Each structure stands twice: as C-alpha cells, then as structure tokens.
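Chemist: Based on the hints, put chain B in the right spot on chain A.
As they're listed, the protein sequences go chains A and B.
So the mapping is simple: my numbering equals the position in the first sequence, first residue as 1, plus 27.
So the mapping is simple: my numbering equals the position in the second sequence, first residue as 1, plus 16.
FYI, nobody ran anything at the bench for these hints, they're computed from the structure.
Bear in mind that the values here come from a model prediction, so they are computed numbers and not experimental data.
Heads up, a few of these hints could be off.
With a straight-line cut-off of 25 Å between C-alpha atoms, the simulated SDA-like cross-links for lysine to any residue are [said to hold, decoys possible]:
hint, chain 1, residue 1, chain 2, residue 2
1, A, K203, B, N24
2, B, K133, A, P171
3, A, K279, A, L298
4, A, K35, B, V67
5, A, K172, A, K248
6, A, K203, B, E53
7, A, K248, A, N111
8, A, K35, B, K163
9, B, K131, B, C151
10, B, K166, B, E83
11, B, K158, A, K248
Computed beta-carbon distance windows for the label pairs [what the hints assert, rightly or not]:
hint, chain 1, residue 1, chain 2, residue 2, range
12, B, S20, A, M28, 22 to 30 Å
13, B, K22, A, A241, 51 to 59 Å
14, A, A86, B, I107, 56 to 64 Å
15, A, K35, B, K57, 36 to 44 Å
16, A, M28, B, K98, 45 to 53 Å
17, B, R18, A, P201, 42 to 50 Å
18, A, A59, B, M17, 20 to 28 Å
19, A, D273, B, D68, 34 to 42 Å
20, A, G234, B, K98, 40 to 48 Å
Only some residues are given here: those of chain A computed to face chain B with a beta carbon under 7 Å [said to hold, decoys possible]:
hint, residue
21, F31
22, G53
23, T54
24, Y57
25, V58
26, V69
27, D72
28, S74
29, Q124
30, I125
31, R128
32, N137
33, S141
34, N191
35, A206
36, P235
Beta carbons: idealized from backbone N, C-alpha and C, even for Gly.
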Amino acid sequence: MRKFIKIKSIPELARIKEKCVFLAGGTDIYVALNDNMLSDAVICDISFLKGLDKIGMKAKTISAGALTNFDSIAKSSVIKKYANCLAEAAASVGSPQIRNRATIGGNVANGSPSGDAIPALYALRAVIKTNLRSVPVDKFFTGPKRTVLKKNEIVTEILLPRENNISFFEKIGPRKALAISKVSVAVSLVISGGVIREVSIAFGAVGPTVIRAAGAEKFLKGKKLCDSVISRASEIASGEISPIDDFRSTAKYRRDTAGVIISRILKKALL
Amino acid sequence: MRISFKINGKKVAVEAAPEARLLDVIREDLGLTGTKEGCSKGECGACSVIVDGKLVDSCLFPMLQAEGCAITTIEGVSEGGKLHPIQKAFIEEGAVQCGFCTPGMVLAAKVLLDKNKKPSEEEIKEALSGNLCRCTGYTKIKTAVKKAAKSAGRGQNKKR
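Next up, chain A with everything else stripped away, as it sits in the complex (with noise of 0.2 Å):
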C-alpha cells in the first residue's frame, strides 16, 4: 500500500523510518503515479519546507534552493548574470506549466542523464547541497536516475561560484517544447584580455551521466577563441562522448549534432 505524508521542517527527515521517495512540484512523480509505478511507495511531501525557493548571492557563492521552480531560475536577474547557461537551461524545461511546478532539486535528485539544469551545473562546477553535507556535481551522479543520496537524505541548495564568466546552454530534441533532449550541452568560459582562462564543456543525454569533454576543455586553456580553434575543439568534443543508439535517436545523430552545437556555443563567446 502506498503512502503519502509530508514534512513542515527537516529535522523531522530524521525520525521517519521507512525509506521515502521525495515530492516537491511532481512533475516526475506524479508521472509515475499516473503510470501506476510506486505503488508501494511511502512518498514524502516536502515543498511545504520552509526558505528552501530562494535564490540568493554572497561575495563569493551564488545560491539556489532545491525548492526554487524552473520559472523562477530562468527569469532570475542573479542567474542569468552569473549563471546564464542555468538560465538558459531552465528556461529550455518542459513547458510553462511545468516550469511553474518543477524545481532544481527534482531535476537533480532524479538523476536523469538528460535533465536539463544538470550540464549547467557541471558546467559552472557546482556543489549539492543535501540536509546532511556538501558534495561536487561531478561526485554527485552515479549512473542513470541514480546518485549518492542516501536513505532520507534531500538536496537542499544549489550553490554556484560566483564569478565573472559567460556562459551558454543549447539542446536538441524533435521539438522545442516537451521534448526529452537527444543531446544537450553547457559551457562555461572565463576569458581574460582575450584568453581563455577558464573552461567547461558538459554534454547531456549521451552518457549515463553527464559528461565533461577534458580533451576539449584542455585545448582550449590559454587560447584565444577564433575559427579555426573553435573547429578543433568541436572535433575534440564530440569525439569524446559516448552516446548511444536508442529510440531517442542515434549515436551518430548525437556525435554530430554534439559538435555542431558546441562550435554554435562558442562562436557566440565570440561576439
């Protein structure tokens, strides 16, 4: 039998016993119900915890609750300032009805290897917050919907350098709207008198987590940004994923198009 019960505050995760599933907006959860998946499932309510919607900006961190929705992070001044890829990212989820209900702890602590916030996050290297400790995005994924969260345990912010960077995300699916991406990627670039000084390059949706393109990022350290080094650095990271063929799409498909985006994202570091 299936159970429902919720939770007003955090210390209360402590004394519950049975192993929870965590519901904030629903937009996955209750997918799952109307698939009638979960049934002996005990699903804890927890968007009515308190303070957990914000987003917030201290000297050197940029802060998201796990409560804040989809809507409120692609509009956000913070945001879009110090972390326009999540911007982008969040804008480019589901719908506007989804948007108004899904939140960035949902789409992080559901794992899923095409969930859209997550290239970004890798992108501006952040760090999961959870009631019990910290840990770095690229700790934090273990495979396909699965991560290190443990029993009862939430994510409860987002934090994100704060830095003076540019940042972009772009994805491709059969459509715009309510689409799951075939591909996805987000890059993150800090670029001094010209020259790259810091770079991220994540792709979603072709690996069972996301996955970082190193060869790539290492090409490009201490470059200046022009057509020819754009071409090899596409060359580089779409060599270095692993996408699959599925009923999604095909690897080839993805390989491809994986470039192709990536040379569009920094041709507009370009401008």
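Modeler: Frame of chain A; chain B shown alone:
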C-alpha cells in the same frame, strides 16, 4: 483529509486523499468537466488550470498542495454569463475543432494576456507551448489570441 480552497472565486472544502490529483477532484468531486484529461504526463496541457495565478497541469498536482489555493478552471473564465474576450475570439476565428484542447488553450492565453496586454507572436507561441492541439494546428488559435488582445485593449480604451 479535508482540503479547503477557492475555485472560480467560490470557497469549497472537499474530502480527498492527500495524493489525489487536482484534476480528479475538479472533475469528479466538483463536477467541473471542462478541465480535460489528455496524456496524464504533463505533455498535452488539456488539464491546465490556473493555481494562484500560475498555469499548471492539474494531472500532476497533488491535492495536499491545493490547501488554501485560488484555482481558476475554464468554468470560471466567463463573467456574469458573458464570454471572456478570449472565448469570443476563439469562436469567431474558428480556433476550435474537436474542442478537447480548448479549455487549456484559453487558460494559457488568459495567463499570458493578464500579464502582457500586447504579446508578440513569439510570446504567444511560448505561452501556448505546453498545450497540444491535434486538429486544426495552431494558426487559428494564435490569430484568436491576437484578436483577444486587441479587443481587450479596445475595451480598456472605452473605459478611459
């Protein structure tokens, strides 16, 4: 459990399971069958309603979270027996064929026009992007939304 909220301006209290879908309570308990069930996955928007000013898919909305909310369904859009300008425009432009997507489309358009009196083509497309129509396509629907925006603008001018 007993859950109280406002629907189309009227206070109601229903006895419902906390995990019950808002969609089912609206249709079955309150008998407001204008809200439609399409895909049950949040992909078609046929079940769209407005909760505290925001457009949501009621098939993905837990009753537990409806406590204290103000909800508008398609039945709450007309006022005093008079059609809303969006509804009028949909009829005049033939933006309705089978009608199954229409309640969701009208509510999506309402959320847009409530905030943005002169939306661009892009803004209209974006606002309707969570609602699928499988009959006519979207041209007549977009034309209707543009017409509604214009007629609402005229209405305001008259008042001044």
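Chemist: Indicate, hint by hint, whether the structure satisfies it.
Modeler: Here is what the structure says about each hint:
{"no.": "1", "hint": "K203/A with N24/B", "result": "32 Å, violated"}
{"no.": "2", "hint": "K133/B with P171/A", "result": "44 Å, violated"}
{"no.": "3", "hint": "K279/A with L298/A", "result": "30 Å, violated"}
{"no.": "4", "hint": "K35/A with V67/B", "result": "21 Å, holds"}
{"no.": "5", "hint": "K172/A with K248/A", "result": "32 Å, violated"}
{"no.": "6", "hint": "K203/A with E53/B", "result": "23 Å, holds"}
{"no.": "7", "hint": "K248/A with N111/A", "result": "20 Å, holds"}
{"no.": "8", "hint": "K35/A with K163/B", "result": "46 Å, violated"}
{"no.": "9", "hint": "K131/B with C151/B", "result": "28 Å, violated"}
{"no.": "10", "hint": "K166/B with E83/B", "result": "36 Å, violated"}
{"no.": "11", "hint": "K158/B with K248/A", "result": "47 Å, violated"}
{"no.": "12", "hint": "S20/B with M28/A: 22 to 30 Å", "result": "26 Å, holds"}
{"no.": "13", "hint": "K22/B with A241/A: 51 to 59 Å", "result": "54 Å, holds"}
{"no.": "14", "hint": "A86/A with I107/B: 56 to 64 Å", "result": "57 Å, holds"}
{"no.": "15", "hint": "K35/A with K57/B: 36 to 44 Å", "result": "30 Å, violated"}
{"no.": "16", "hint": "M28/A with K98/B: 45 to 53 Å", "result": "48 Å, holds"}
{"no.": "17", "hint": "R18/B with P201/A: 42 to 50 Å", "result": "44 Å, holds"}
{"no.": "18", "hint": "A59/A with M17/B: 20 to 28 Å", "result": "22 Å, holds"}
{"no.": "19", "hint": "D273/A with D68/B: 34 to 42 Å", "result": "39 Å, holds"}
{"no.": "20", "hint": "G234/A with K98/B: 40 to 48 Å", "result": "56 Å, violated"}
{"no.": "21", "hint": "F31", "result": "4 Å, holds"}
{"no.": "22", "hint": "G53", "result": "5 Å, holds"}
{"no.": "23", "hint": "T54", "result": "5 Å, holds"}
{"no.": "24", "hint": "Y57", "result": "4 Å, holds"}
{"no.": "25", "hint": "V58", "result": "5 Å, holds"}
{"no.": "26", "hint": "V69", "result": "11 Å, violated"}
{"no.": "27", "hint": "D72", "result": "6 Å, holds"}
{"no.": "28", "hint": "S74", "result": "6 Å, holds"}
{"no.": "29", "hint": "Q124", "result": "4 Å, holds"}
{"no.": "30", "hint": "I125", "result": "6 Å, holds"}
{"no.": "31", "hint": "R128", "result": "6 Å, holds"}
{"no.": "32", "hint": "N137", "result": "14 Å, violated"}
{"no.": "33", "hint": "S141", "result": "15 Å, violated"}
{"no.": "34", "hint": "N191", "result": "30 Å, violated"}
{"no.": "35", "hint": "A206", "result": "9 Å, violated"}
{"no.": "36", "hint": "P235", "result": "24 Å, violated"}
Of the numbered hints listed earlier, those contradicted by the structure are 1, 2, 3, 5, 8, 9, 10, 11, 15, 20, 26, 32, 33, 34, 35 and 36.
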